[in-house]
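Visitor: As a plain string of letters, each chain reads:
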Amino acid sequence: MTATSLETMRRIDAYPTHQVGGYGVRAGRPYPYGAWVVPGGVNFAVFSDEATSMTLVLFERGAAEPMAELEFPAAFRTGCVFAMTVFGLDHENIEYGYRADGPFNPVSGHRFDPRQILSDPYARLISGRDVWGTEPNWDDPYPYRSRVCLEDFDWSGDAPPGIPAEDLVIYETHVRGFTRHPSSGVTAPGTFAGLREKIPYLRDLGVNCIELLPIFEFDETDNPRTDPATGRRLHDYWGYNTVSFFAPKAGYAATGRYGMQGDEFRTLVKDLHAAGIEVILDVVFNHTAEGNEQGPTISFKGLGNSTYYMLTPEGYYFNFSGTGNTVNCNHPVVRQYVLDCLRHWVADYHVDGFRFDLAAILGRDLDGTPLPNPPLLELLAHDPVLRHTKLIAEAWDAAGLYEVGSFPAYGRWAEWNGKYRDTVRRFLKGDSGVVGELATRVAGSPDLYAGRGTTASINFLTAHDGFTLADMVSYNDKHNEANGENNNDGANDNNSWNHGAEGPTDDPEINALRMRQMKNAMAILLTSQGVPMILAGDEVGRTQQGNNNTYCQDNELSWMDWESVRTNAELLRFTRAMIAFRHAHPELRTTQHPTGMQVPTTGLPDISWHGERAWDADWSDESRLLAVMRSGTGDEDVVYVAMNAHWDAHDLQLPGLPGGRTWHLFADTGAAAPYDLHQPGAETPLENPGSYLIGPRSVVVLVGRESAPHEQGT
Amino acid sequence: MTLALSERRTKAATVVALTGEISSATSGELLERLMPLVRAGKTIKIDLSSVGYISSAGLRTLLVVYRESQHSGATVTLSGVGEELRFVMSVTGFMDFFETDEPARSEQRRRVAT
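Chains as they are written, first to last, in my numbering: chain C, 1 to 714; chain F, 1 to 114.
Keep in mind that the hints were calculated from the coordinates and are not lab data.
It cannot be assumed that every hint is accurate.
With a straight-line cut-off of 25 angstroms between C-alpha atoms, the simulated SDA-like cross-links for lysine to any residue are [to be verified]: (1) C:K198 - F:L85; (2) F:K42 - C:D154; (3) C:K198 - F:F97; (4) C:K429 - F:L85; (5) C:K198 - F:K42.
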């Protein structure tokens, strides 16, 4: 067999033209940025607007001192991009960084310091925190080291599942916390590989999308606090403190010590896709780990402080993120950086979407002013590579900009609907005056998302930030003492209720009521219009003992306890069935908001409201009961959900059904398990077809359908 | 870092026994030695029992050999895959492409401390 010309031909730029620092080099390609393996060598390209000179610093892997420093010859500079191809490198066995010289004048925004070795903002592999929690060498002058890697993973035909947004059931979890607990039973606890072993659990649960807390390289050891009670070191467990935006966190990979975190994460994504599960990454572009004036210099500060950060006229850091600095997202260069980064995760890691932490900051101008048409958000909405990804905004920031319902969407952006969470929580605990807003929320919040459709609303009751579901029904107040800040951290307005005792109790009545309330929450969440998001572990009543801000708790407080899959099988079974019910009923998942218009197949309105009397909801302040009936074109069935947050039972008159349909019971949280639910499609006909007694603080889900043949005549 | 190759023929296959480490430093040579066998459509068994370490670049090289063998009709199997290597290859997806001559063991072999 003869080789083709492409296999044998050599490029004429595969040869050095200069010698620098003992290495053969030549002028490199200024883009793509970063370090790329090219014929014969590695091409390094880095930009800095104000740098007067740039030096490539090379280390043998793990060595304390550099093995070579190569200053970029003046001729190797295109615009403000320094680019050089270096020949004869063992790409796998080196680490690299940069020294940038230039003005040091913080008032004018410049902080160049050639003594610092800077990490490449485009580094796709980072070493230095290879194994989670290992005590770092604090004296290392270059702790987060850029590495060269190949992106030639063999995907074997993997394609994004492309699940329509309206069909998603999102499951928010933490890579480490999901399997770190000794009870997880996986081979490599706390890693991408461990999560991969739990794919069957996710599939059985019925979720079709996992949203991962940050997986970009961060430093879990950058938290100086300790737990005052135990003296235990606290971590940055959540990781909302990015060190390197293109590199997957090594400490989340069982193979991080081999630098194979990229392949391990890709293998996870590939297998999740094969199981029909999408992957959304929680990304943090509002701030970085470099902090304010007191913070470390890692990368951006030394390469282009005034490019990457929003600075006050005096050269201080704006702090819209509440963490020290604010990324200058709408600077044209930073916009391109964010876009390059997201494209990388889509093209090279096949992720299906992103949730943007404190996304309101992404809409601020260079001086912090909220923009009416933020170019970054528009850019991401229209980018061809990102075109079919899910874009979800946490539509507020730490400086008071609250854009739930008004986030600039460009027909693409969805939002964490904080108002959904607050309204349903208040309803559940029995607040008065909530029924009207509850109706709006379960209908997909048309007040907030008119024109954008139901999928703009990510409905959730709990997330990593705040109480878990079990704690929401077990605590009136947060209990964050273990975080070492005198319980001053974390949100105070939790809309939670302990049902008569703060924390764990032996009182069987309280415990039964809490269980019911958790089922009520799942039933409402999973029958609401919009995209539901479940916090991992809520399906088995995971508790954080009242801590509503476990960002620093790398321990049993945060980890999923897999024993509870057995001990809390009742709630798990209920949640699974509710998810299956949602998947089975397209009328709960229409992209357009229901309007009350008549549906031809049933002659019923697509949505209607009911109370104790059919067609007559009680909207008064003291009402704590509301029923919604849904009828859609995609399904001949009719769904009726009655939500009773009142402490008394109520006799419900049920709406009449057309065309041979009768009411069947799917779920009644007021009934003891296993009578609390039936499997979707196997609902039982009501004994009394025209009415139903709903218990105190209960949710009832009925299906109006024709009886199956075996039910007829009974 | 070095890698030594020895080749012997059995009735069923050409066995290439490797000793040392497979990394970016040695994988070029490995590929040069294996490609003639692959292009000739041989049945090749790569014996890894004396290989202490295979890096990311080394695993990529083995995958290149596999992909080339698909074109030439060669058959490539691995033998002597130790526990740690088997684990690394499994969680990074490389094992999906290879036949090994040991009975497949469960991944539940031991816990890797993290």
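Visitor: Now tell me if each hint is right for this structure.
Guide: Status of each hint after checking the structure:
Distance hint between K198 of chain C and L85 of chain F is fulfilled; the C-alpha atoms sit about 22 angstroms from each other, no more than 25 angstroms. With a C-alpha separation of about 24 angstroms, the suggested pair K42 of chain F and D154 of chain C falls inside the 25 angstroms cut-off, and the hint holds. Proximity of K198 of chain C to F97 of chain F is assessed by CA-CA distance (about 22 angstroms); at most 25 angstroms being required, the pair is judged to hold. Using a Cα cut-off of 25 angstroms, the hinted pair K429 of chain C and L85 of chain F is violated, with the two alpha carbons roughly 54 angstroms apart.
For the hint pairing K198 of chain C with K42 of chain F, the CA-to-CA distance comes to about 39 angstroms; that exceeds 25 angstroms, so the pair is violated.
Checked against the numbered hints above, the structure breaks hints 4, 5 and satisfies the rest.
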